[in-house]
Structure formats: structure tokens, C-alpha cells
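*Asks:* So you can see what is in the structure, the chains are spelled out below.
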Amino acid sequence: MDTPLIEFKDVTKRFGSRTILERINLKIYEGQVTTIIGLSGSGKSVLLKHIIGLIKPDEGSILFQGEPLLKMRKSERMAKLAQISYMFQDNALFDSMTVFENIALPLLETTSLGKTEIASRVMARIEQTELEDAAHKYPSELSGGMQKRAALARALVTDPRIVLFDEPTSGQDPVRKNAILSMIAQYQRKFGFTAIMVSHEIPDVYFISNRILALYNRTIVFQGSPEELENFDHPFKDEVIRSLEGLQQELTGMYSKRQFKVMHHAQLTQRTRGETYSMVVFTLDDSDAIMTSSSHEAAKRTIQSMGKYIDKHFGAIGGFSTRRQTNQFVTVLPYSDLTEAENILNDFAHDFQELGMKDGYEGPERRKTSGGCIELLIRAGIALGQPIAEVESVIDAAESNQKEIARLRCDVRG
Amino acid sequence: MALDENSHELRSSKPPWRLGMLLTKPFARIGRSTISWVSNLGASAIFFMLAFLKILHPKQWSKIIQQIYYIGARSTMIILLVSLFTGMVLGLQSYTALVKFGAQGALGTLVALTLVRELGPVLTAIMIAARAGSAIAAEIGIQRISEQIDALDTMRIDPLRYLISPRIVASIISFPILTAVFDIVGIIGGYISGVLLLGANAGTYVYRVQTSMDMKDVTDGFIKSIVFAFIVSTVCCYQGYFAHMRTDSHGAKAVGLSTTSAVVISCVLILVSDYVVTSLLIRG
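Same order as they appear, the protein sequences are chains A and B.
Start counting the first sequence at 10; every next residue gets the next number (the working numbering).
Start counting the second sequence at 3; every next residue gets the next number (the working numbering).
No wet-lab data here; the hints were simulated from the structure.
Among these hints, one or two may not hold up.
[As the list claims (entries may be wrong)] Capping the alpha-carbon separation at 25 Å, the derived lysine-lysine pairs in PhoX-like fashion look like this: (1) A:LYS124 - B:LYS218; (2) B:LYS61 - A:LYS89; (3) A:LYS124 - B:LYS61; (4) A:LYS89 - A:LYS65; (5) A:LYS89 - B:LYS56; (6) B:LYS102 - A:LYS83; (7) A:LYS124 - B:LYS65; (8) B:LYS56 - A:LYS83; (9) A:LYS270 - A:LYS321; (10) B:LYS65 - A:LYS146; (11) A:LYS89 - A:LYS18; (12) A:LYS199 - A:LYS36.
[What the hints assert, rightly or not] If the Cβ cut is set under 8 Å, some of the chain B residues that face chain A in the computed set are: (13) SER148; (14) GLU149; (15) ASP152; (16) ALA153; (17) ASP155; (18) ARG158; (19) ILE159; (20) LYS218; (21) THR221.
Just so it is clear, CB atoms sit at the ideal spot from N, CA and C, and this is done for glycine as well.
Please take these sequences and the hints and turn them into a complete structure.
*Replies:* Structure below.
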């Protein structure tokens, strides 16, 4: 792999006699979403504050593109740190300033740009984060989700190379949690920054993270992909992940990825050769367009609704499902053949088109408020699996068989 | 068993060093408080110097004007009210006392010199400390505990330059102007009570006011007001800025205590420094 963008080498931090971080070694790569997970009070925020220079290590070194930060000249170090933005857990918006003034502040104070240029850059970020109506409101007049977006807009206004997110979903309800995580993933893809996030929202963060760093007992015990974490055998898994991860996901009511794998293994791999099962893969398409042109709320309500209707139709006949990616669901029908699976899928498509999408989308009402137009496209594919087959290969086969089962465009007639 | 009994005796008897500790405890406490006070004084001086060195930054002017409005302009009403009644009370008391000696002609001299040399700078500083100083400490304290100051750091905006420096400059500009206002309105207040209400001679009052004061009285008063501006702005900003470092409380309570400390310390330091500066100016 390339040289890490940020690397910690044996970093130790103590506050008085308390050791918070002990010989931390970690690597963060450019262009990725890296999430630091761990229990509350385990030192995740302290670790993040080391990256931006708010806290200095007692021992060890922090390397920026291979160079130790503390050995750089002050001007060089400041230039490197200026490429980093920080989104605070409680947003840290200036409550005596409007949203516009908050977002403009770093440009006004740290650049020599003219007022017109600053205003145009700020308005661009305000539009991208859908805060047009809130631009001249004070933070106290906004909802929690809007405050998060304002904080994100402020963090992004200087076009940073790295954005640090300190527990961006804390104190939010399940719908908003997912909306915020989707928003981070969406903007990370759109602007291409390196995202470093501190969170204990497991498994939600798996969907958007390229790399997971596990902080346990003052040190990093795991670095790798979310898939690698599934096979990680360590007390961290029992004590932290399983305590944080609910049996079923709060938003969709489905099983977590890990639970899904356990059920898949328990129900299918014990069967005799020749027995088959069906696998259905659903994909919510154009979700990027949903995120940008309209509200995250509508998209999340649609995902929530999909979870409900998938469970209604497929759960009734013994099926079990999980959310595989932000916009993808997988359902296993252990006792159904292809014909039966197709019939159930048709019933689902009809029911969801008629009722389910209305739950998440208010048609002309949404268009009036946002000025944008939402288009949802749901594709589904079925494949036959055998107990001996790898689950991933069956999912791939189902994915390749996908076809459109439901579509909704906004009604321009109002 | 014998060992147990012995050990019980050992535990129950007071070792001689405990008596010594009890006797020295008050001295230790005084010593700790003195060390803490001196180290806070040193830290405040460094804090002031670091903020003061940033006043010439090109992006400061709009913030300084804004702070002059908050610290100076918005304190004008309270200064007018306090100075008017201070002058009136001074006129009333002085006239009553002077009449006993047949020296009511000296009323103008007494009122003008008392106000310009002492009461003007001191009461103006105390009133601004109570009104604007408390607001400064509370505002900065809240910004500290809600991580807004950390946010400035992460945005590469120097908090001392952005928050502290404009307030210090605004205080240095506002205090002498408000002191001048206090002096003038106070003299008018003395005129109202002494001349208009008690019947002292108007011409004598105005003549005495004009002739008894020289330029040194005015400049001495202004020097004091500038010293008080440094003290009030530094103490109030320092208390708010380090509200999170308090050992006696946390969060909102820490902000409340910092605000109280800011006003109390400012008032005490105003009176102490008033004596020091006055004695230096009299010698000079």
C-alpha cells in the first residue's frame, strides 16, 4: 500500500497519572473513510485531537505523509494542519452568529479572499448541504440534523484534504444517525477528502467505512476493513462490538451483517448436498441523486420503509435479511425455490409501489419545499444458492440478475 | 495477640508529627494560596502580553469597533446615571459640610477635583467591570465550555487575536472617554444639587471648577482610567478564557463562578492599583 497520509508511531498520552493512550500505532490512508471505534471514554476523541494538533503526545510521533509533525518547522507544520478540518461532537457552532456567518468565518479570518468570493463559496456550501432556508438563522433556531449540516458545511468550506468527525451521530435518533452517516459518505465521495471518524455506531459505520481502527484498553487492537473485523478474534469483539451492535438494526429492523452470517451458516450450511435456497438482492438506485437534490430524510424513510415491507413479505415465509450496503439489502429464503421467490417478489413489488414508497415520499409536497425532484428506482434480482456455495458468490449472481421492480418520480402536476 | 494489642495502641495514639502538621496547616494554606495567586498574576500578565501583541493584525479593526460599541457605547447610559447622582450627592454632602465653615464658595473646587482625580476613573471602571466585564467573562467562558474556542484553534484562527485582543483595545479606548463623560456629568450633578437645589452661587461654582483644575489633574485621571482598562479587560477575559481550568467547579457553574471572580477581582484590583498609581502620580 502507499505511504499512509497519517501515521501514529508508539503514541502515548497521559493526563496526570492516568494513561489515556498507550503506544498507539495506526495508519490512515488518503481518500478513504477510516472509522475509529471503541467504547465511550476510551480515548477516541483524544486520539482525534492529536491528529489536528489540539493535543500533543507525551511519547511517540505522528507522521504526516511520512514526516514527523513535531520535527517540522512551525510554518510547515501549520500548513499541513491547515489541510485538516474538524467537526465537533456538539458542532461547536458560534451561537451568536448566523449559519452563513459561521460558515464564512474560516474564510474571513484565514484567507485574503474578497467578500464577494467568500459569499459565493459559502452559498455554494449552503446549497450543497441544503441549508438555503437556514442561512440567516442562528444555530439555536435549527434542528439537530441541520446543525450537523451547518457544522459540516463550515468544515468543508476551506476545501480541506482531511476532515475529522468526532462522533457525528451522537444524540441522534436512528433515522438521523443513518442520514448523517449517508451524508458523510456522500460528501466524501463528492469532494474526495479523507474522512477520519470517531464513532461507536456499530454496525452502521461498517457501511460507509473503508477501514476500521479498534481502540481497546488504551491501544489500537485492530486495523483493517469491516470484513476483516468480522473474522477478528479478540476480547474486543465480545466486550465492545457485540455490546454495541444490536441484534437487529434500529433503522430497518433487519439483522446485522454479522447476525445474518451466523443465521446463514446455522440454517444453510448444515443441509445435505443438493438442497437449494433462494437469495434476493435489492438495490435502491440513484440514491446519490436523492441525497443531493432533495432531503436525506426522504431517502432514509424509503430505506426504513423497504426494510418494513421486505420483512412483511419475506419474513413471513422464514426469510431473513440484512442491509449489505447503504443502498443494498439481501434476503435469504431458506425454503423457497426460484418460482416461489419470484411470486413473493412480485407481491412485494406491487405492495411497495402502492403503499411502501408513499411512506417515505410525499410526492408534490416534497417538491414544493425542496424545489428538487426525487426519483427512486428499486431493482431486485434472484439467484439460487446451494449450501456449499460461498454466500458472496450467490449475492453476486443475484445482483447480476437484477431488474427494475419499482420506480417513482415526483409528480410535477402538484 | 500481643502484637495485635500493640498495633492497636500504635493506631490509636497520635504521632507527634500530626500535632506539628495541625499547627503548620494554616501557614501551608496561606502559602498555597499565595503561590496560586502569584502564578495566576504571572499567567494573566503573559496572557495580556500575547493578546496585546496581536492588536495590529489587519483583520482587527471591525472587531475593535464592534467591541467599542459593546463595552463603551452600551455602558454610556449607566455611566450617565451613576455620574449624575454621584455628583449630586457629592454636591449635597460637600455643601452641608462647607457651610459649617462658611466655605461654600469652595464647592466647585471640591466637586471637580474629587471627580476628576478619584471618583471619575474609579467609579467608571467599577461600573464597566460590573456591566461589560461580567458579560465578557460569561461570553468567553461559554465559548470555552462549548468548544467554540477549540473550534477556532482547529480553523487556525488564533483565539487570543480573535477574542481577546479586540476587547483589550476597545477597553483602552472606551475607559478614558467614559471617564470624561463621568467627570462632566458629575460636575453638572454637583451644580444641580449645590447651586439649583441648595442655593450656592452659580458663578462662584463655575469659576472654582475652571480655576481649581489644571491639565495634570485631567491627565492623571486619564492615566488611571487606562490602567483600569488594562486590569478590567485582562482579568475578565482571563477568567472567561480559563473557565474550564477551574478546580472548584465545571461547566455552567464554572462560567458563573468565573464571572463572579472577574467582577470581584477587577474591583479589588481597581482600588489597589488606584492607591499605587495615585501615590506614584503625586510623587511625580
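*Asks:* It remains to establish, for every hint, whether it holds in the given structure.
*Replies:* Tested hints:
1. A:LYS124 - B:LYS218: Violated: A:LYS124 and B:LYS218 sit about 47 Å apart, past 25 Å.
2. B:LYS61 - A:LYS89: Between B:LYS61 and A:LYS89 the Cα gap is close to 23 Å, so the pair holds against 25 Å.
3. A:LYS124 - B:LYS61: Distance of about 13 Å is within 25 Å: holds.
4. A:LYS89 - A:LYS65: This hinted pair holds, its Cα atoms lying about 15 Å apart.
5. A:LYS89 - B:LYS56: Judged against 25 Å, a Cα distance of about 23 Å means the pair holds.
6. B:LYS102 - A:LYS83: violated, 73 Å
7. A:LYS124 - B:LYS65: Holds, at roughly 16 Å.
8. B:LYS56 - A:LYS83: Holds, at about 18 Å.
9. A:LYS270 - A:LYS321: holds, 21 Å
10. B:LYS65 - A:LYS146: Satisfied, since the Cα-Cα distance of roughly 21 Å is no more than 25 Å.
11. A:LYS89 - A:LYS18: holds, 18 Å
12. A:LYS199 - A:LYS36: Holds - the C-alpha atoms of A:LYS36 and A:LYS199 are around 23 Å apart, at most 25 Å.
13. SER148: holds, 7 Å
14. GLU149: Interface hint status for B:GLU149: holds (4 Å vs cutoff 8 Å).
15. ASP152: holds, 6 Å
16. ALA153: holds, 4 Å
17. ASP155: holds, 6 Å
18. ARG158: holds, 5 Å
19. ILE159: Hint holds; B:ILE159 Cβ to chain A Cβ min 5 Å, cut 8 Å.
20. LYS218: violated, 43 Å
21. THR221: Interface hint status for B:THR221: violated (38 Å vs cutoff 8 Å).
In summary, the structure is inconsistent with hints 1, 6, 20, 21 from the numbered list given earlier, while agreeing with the others.
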